[in-house]
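Colleague: Below are the chains, spelled out letter by letter.
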Amino acid sequence: GDSVTQMEGPVTLSEEAFLTINCTYTATGYPSLFWYVQYPGEGLQLLLKATKADDKGSNKGFEATYRKETTSFHLEKGSVQVSDSAVYFCALTENTGGFKTIFGAGTRLFVKA
Amino acid sequence: DTGVSQDPRHKITKRGQNVTFRCDPISEHNRLYWYRQTLGQGPEFLTYFQNEAQLEKSRLLSDRFSAERPKGSFSTLEIQRTEQGDSAMYLCASSLGQRIQETQYFGPGTRLLVL
Numbered sequence: 001g002d003s004v005t006q007m008e009g010p011v012t013l014s015e016e017a018f019l020t021i022n023c024t025y026t027a028t029g030y031p032s033l034f035w036y037v038q039y040p041g042e043g044l045q046l047l048l049k050a051t052k053a054d055d056k057g058s059n060k061g062f063e064a065t066y067r068k069e070t071t072s073f074h075l076e077k078g079s080v081q082v083s084d085s086a087v088y089f090c091a092l093t094e095n096t097g098g099f100k101t102i103f104g105a106g107t108r109l110f111v112k113a
Numbered sequence: 114d115t116g117v118s119q120d121p122r123h124k125i126t127k128r129g130q131n132v133t134f135r136c137d138p139i140s141e142h143n144r145l146y147w148y149r150q151t152l153g154q155g156p157e158f159l160t161y162f163q164n165e166a167q168l169e170k171s172r173l174l175s176d177r178f179s180a181e182r183p184k185g186s187f188s189t190l191e192i193q194r195t196e197q198g199d200s201a202m203y204l205c206a207s208s209l210g211q212r213i214q215e216t217q218y219f220g221p222g223t224r225l226l227v228l
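Residue numbers (my numbering), protein chains in the order written: chain G, 1 to 113; chain A, 114 to 228.
Hints in this document: simulated from the structure, not taken from any laboratory. There's no promise every hint is true.
[Stated by the list, open to error] Partial list, derived from the structure: chain A residues whose beta carbon lies under 8 Å from chain G: (1) Glu141; (2) Thr151; (3) Gly153; (4) Gly155; (5) Ala166; (6) Gln167; (7) Gly185.
Everything numeric in this text was worked out from a predicted model, so none of it was measured. Where a beta carbon is used, it is the ideal one built from N, C-alpha and C, also for glycine.
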């Protein structure tokens, strides 16, 4: 079945450091890909998305590129802030007529001042 | 605030009891989803509705679980004869549109503890 694998956390960085959170997926079709973020004490919210190969999703300084050849959707940010401390989830929705969304296990990010 | 709301936010129950959770989606959102999230894991899909029709159910949704969305507005998720393994956060989300890439908006969740 479809699955999403993301790097285990926690990831601890100093402010202004470069961030990469790896995400790879397996899918039988051609999914749409998402990154969701959960800040402390808040609900899940969409961070960015990409719907076809080579699309780049971006938001709040975060970017991720849909790489079909490597089945990856790695999240990057050039300079993290303390306020980016959160749990990040990679997810896919299969494009086969259903709307089932598969989430990764999440990666917790701590950013130190 | 017109986001997705869920009630109750917390529920403690004894094993064997029935519980019911409610989700109110964003007004006019035609799609509604239920997920379950355990500690340290991502949300797991349970079921989704388009308007009042339940179109997909996960194999995780045993016959003790039932979900409804009468009139295509709010939804309820009932768990009968609760078990300790049902302890989790139950999340509801809603979206508007026909395409898979539509943004899902999540509620704050209902945390269930089965003693």
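Colleague: Take the shortest C-beta to C-beta distance between Ala166 of chain A and chain G; is it under 8 Å?
Modeller: Violated, about 12 Å.
Colleague: Identify whether the interface hint at Gly155 of chain A stands, where standing means a beta carbon of chain G within less than 8 Å of its own.
Modeller: holds (3 Å)
Colleague: Do the numbers back the hint for Gln167 of chain A, that is, is its least Cβ distance to chain G under 8 Å?
Modeller: violated (12 Å)
Colleague: Quick check on Thr151 of chain A please, does its C-beta sit within 8 Å of some C-beta on chain G?
Modeller: violated (10 Å)
Colleague: Under 8 Å, Cβ to Cβ, is where Gly185 of chain A needs to be relative to chain G, so tell me if that hint holds or is violated.
Modeller: Hint on Gly185 of chain A: violated, closest Cβ of chain G at ~16 Å, above 8 Å.
Colleague: Mind checking the CB of Glu141 of chain A against every CB in chain G and telling me if the closest is under 8 Å?
Modeller: Because about 18 Å separates Glu141 of chain A from the closest Cβ in chain G, which is outside the 8 Å limit, the hint is violated.
Colleague: Quick check on the hint: Gly153 of chain A CB to chain G CB, less than 8 Å?
Modeller: holds (7 Å)
Hint compliance for this structure: hints 1, 2, 5, 6 and 7 are broken, all remaining hints hold.
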